[in-house]
Amino acid sequence: MDTNSSHVLVVNGLTKRIGKREIVRDINFAVGQGEIYGFLGPNGAGKTTTIRMLVGLIRPTQGRIQIAGYDLSKQFLQAIRHVGCIVENPELYPYLTGRENLELFARMAEGITQQRITEVVQLVELEDRIDDRVRTYSLGMRQRLGIAQALLSRPQLLILDEPTNGLDPAGIREMRQFIYRLAREESISVFISSHILHEVQLLCDRVAIIHQGRVVKTGQVHQLLAGEPPVIWQLSPTEKAINLLKSLPDVTNVELLEDGQLRTHLPQNKIANVNHRLNQAGIQVTSIQQKKPTLEDIFLQMTEGGPLE
Amino acid sequence: MSNFIGLLYNELLKMVRKRRILVILLILSILIPIFTYAQYRTVQTNIQNLGTSDWKTLVQQQIVDNQNRLSSSRIPEEWRELIKINIQQQQYYLDHDINPTSPGAPTFIRKFVEQAISLFMPLLIVVVAADIVSAEHTGGTIKLLLTRPIRRWKILLAKYLSLTLLVSFIVIATALLGYLFSGLVFGYSGWDMPVLTGFETQNDELITNGVHLVPQWKYILMSYGLAWFTCIAVATLSLMVSVLVRSTAASMGIMLAAIVAGNLLTQLSPTWTTIKYFVFTNLSLTNYLSGTPMMIEGMTLPFSLTVLTVWSLVSLFIAFAVFIRKDVLA
Ligand SMILES: Nc1ncnc2c1ncn2[C@@H]1O[C@H](COP(=O)(O)OP(=O)(O)OP(=O)(O)O)[C@@H](O)[C@H]1O
Ligand SMILES: [Mg+2]
Numbered sequence: 001m002d003t004n005s006s007h008v009l010v011v012n013g014l015t016k017r018i019g020k021r022e023i024v025r026d027i028n029f030a031v032g033q034g035e036i037y038g039f040l041g042p043n044g045a046g047k048t049t050t051i052r053m054l055v056g057l058i059r060p061t062q063g064r065i066q067i068a069g070y071d072l073s074k075q076f077l078q079a080i081r082h083v084g085c086i087v088e089n090p091e092l093y094p095y096l097t098g099r100e101n102l103e104l105f106a107r108m109a110e111g112i113t114q115q116r117i118t119e120v121v122q123l124v125e126l127e128d129r130i131d132d133r134v135r136t137y138s139l140g141m142r143q144r145l146g147i148a149q150a151l152l153s154r155p156q157l158l159i160l161d162e163p164t165n166g167l168d169p170a171g172i173r174e175m176r177q178f179i180y181r182l183a184r185e186e187s188i189s190v191f192i193s194s195h196i197l198h199e200v201q202l203l204c205d206r207v208a209i210i211h212q213g214r215v216v217k218t219g220q221v222h223q224l225l226a227g228e229p230p231v232i233w234q235l236s237p238t239e240k241a242i243n244l245l246k247s248l249p250d251v252t253n254v255e256l257l258e259d260g261q262l263r264t265h266l267p268q269n270k271i272a273n274v275n276h277r278l279n280q281a282g283i284q285v286t287s288i289q290q291k292k293p294t295l296e297d298i299f300l301q302m303t304e305g306g307p308l309e
Numbered sequence: 001m002s003n004f005i006g007l008l009y010n011e012l013l014k015m016v017r018k019r020r021i022l023v024i025l026l027i028l029s030i031l032i033p034i035f036t037y038a039q040y041r042t043v044q045t046n047i048q049n050l051g052t053s054d055w056k057t058l059v060q061q062q063i064v065d066n067q068n069r070l071s072s073s074r075i076p077e078e079w080r081e082l083i084k085i086n087i088q089q090q091q092y093y094l095d096h097d098i099n100p101t102s103p104g105a106p107t108f109i110r111k112f113v114e115q116a117i118s119l120f121m122p123l124l125i126v127v128v129a130a131d132i133v134s135a136e137h138t139g140g141t142i143k144l145l146l147t148r149p150i151r152r153w154k155i156l157l158a159k160y161l162s163l164t165l166l167v168s169f170i171v172i173a174t175a176l177l178g179y180l181f182s183g184l185v186f187g188y189s190g191w192d193m194p195v196l197t198g199f200e201t202q203n204d205e206l207i208t209n210g211v212h213l214v215p216q217w218k219y220i221l222m223s224y225g226l227a228w229f230t231c232i233a234v235a236t237l238s239l240m241v242s243v244l245v246r247s248t249a250a251s252m253g254i255m256l257a258a259i260v261a262g263n264l265l266t267q268l269s270p271t272w273t274t275i276k277y278f279v280f281t282n283l284s285l286t287n288y289l290s291g292t293p294m295m296i297e298g299m300t301l302p303f304s305l306t307v308l309t310v311w312s313l314v315s316l317f318i319a320f321a322v323f324i325r326k327d328v329l330a
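Residue numbers (the UniProt record's numbering), protein chains in the order written: chain Y, 1 to 309; chain G, 1 to 330.
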């Protein structure tokens, strides 16, 4: 693994055993300066467990974590100083106001001025409600306050565990743009876990895919998650359509699904063309869908011809 | 250092804003008037039973009786001392116009702490102390607390110190509110009234050689000091339970059960002497001042202080050792 100094976070051979269970096993990756790094895996894959190790909440059974060049277990204070994080839900003190929460965490680090607090509040656009109790905040506002808290001490590395969980589509988009801006404008590295492939595709530069506690793949997002998504057709009569589609040069992998729909692979710019041919042949097309590949599809694709290893 | 003061400030802020202190003051403000009324009823009944509201003649009669006993030669020497002290005390009542059956607010708070030290005050302490760490787990805020550039032991130390401050506040508030409320009924005087103390027990017998009179204010200072010690011990044990148990309800339940068990055991089984090493059978330190005989053989003030101290130190050690190493899993 490359332990070049341009890496803000380097993880080597990270393993966590609880009782007899290995929850996370031999994880390796490195996050570069200003990079948005996705940590993609289905529920129960071990994302949160890994993140808890990254921020020092639990001790790794084996392995090493380096943050900004400091070893997390040996130089905890120096290492954690460069980290801002939200682990799972953005939980702050509900009986304090947003500002009181921020002031409380400011007292736990050095050199955070009142001005910095105002700055982060503006950054997350919470000026209107910052003096209300957190009890009265919506989930989206809590999430933003959580991020404000994480940004207080100007960290080099932001660690976020499924930050879009529970947000509505507008909130998700906003969050995505916000994280993107942080990385590009302030050159903060962001390590972000998610179980939604689409989200990682839209936001991240690189990704590590974790499954059952093991990282099965790391790499550039556009390489790893590329490929044309399949197109799903609803049409009748089906038999005639299958024969026709199979004879067309652009169409591959024609497959009859259980519910009578057809799944095909074809370039996006040929969809209209193929639709026209079907119509000409007297086949009635009632719906065309371009299906986004799910995490499962990717896993299936990756493990074709063998078990995950 | 400035960093640590910040941590302490944070903990105190949480206590105040969680309204725990308000709840304690509310409980005290409701219960103390009730206890005052109960005490008032007792006084009224006493006056009725005596058949006269003229207490001065009664006290004068008691002094004469005591003097008669003194002049009799069959009385053992150490009793004579005690009787003399009794006469002194009764004379004081007459000279200063204090009705011993209807005392003022200082007497009320002296008697109140003697009753409250074994159960009522420990329960108040548990209410504020049992969730001091577990609430951070329940609320999920422990994840933020422990991912700051601060050593874990400092965070727990700030919590413990803020807890001792809160305990001191509760002990003082109990005395002050008791004085204010009961004074409305009984009057506010009586600080200089002489009170008997200096009892010792040896081989199951009350030794009265050291018995003497102290002004009541001194006695009150001593008994509230002992109550403070008891409360600190209870708070320290609560801290440990709060570290060990993740749920606030569970840690409160455990502490309440243990305190009630300590109270019950002393009364149910005074012959089972091993229980004197159990921390919650040693809470009633004021009994040593007032000479109330302890139920279990071999218990003295130094013994009880030692038991409380040892238990506190051990739980403090466990609390810190566990808090520093524990994985924060959920
Ligand atoms: N304290 C624990 N003891 C035993 N097993 C645990 C413990 N905590 C988590 N696990 C197990 O570890 C695995 C990984 O859990 P983790 O919370 O890291 O998953 P995740 O990837 O964050 O999932 P999600 O997307 O649902 O948040 C799960 O199978 C979980 O059951
Ligand atoms: Mg998770």
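Everything labelled a hint here was simulated from the structure, so no lab data went into it.
Do not rely on the hints blindly, as some may be mistaken.
Unchecked claim - To be clear about the criterion: a stretch of chain Y counts as covered by chain G if any three or more of its residues have a C-beta under 8 Å from a C-beta of chain G, and this derived list gives those stretches:
#: 1; segment: 52 to 62
#: 2; segment: 87 to 94
#: 3; segment: 99 to 110
Virtual Cβ for every residue (Gly too), placed ideally from N, Cα, C.
Hints, one by one, checked against the model:
{"no.": "1", "hint": "52 to 62", "result": "holds (count 6)"}
{"no.": "2", "hint": "87 to 94", "result": "holds (count 7)"}
{"no.": "3", "hint": "99 to 110", "result": "holds (count 7)"}
Consistency with the previously given hints is maintained throughout, with no hint failing.
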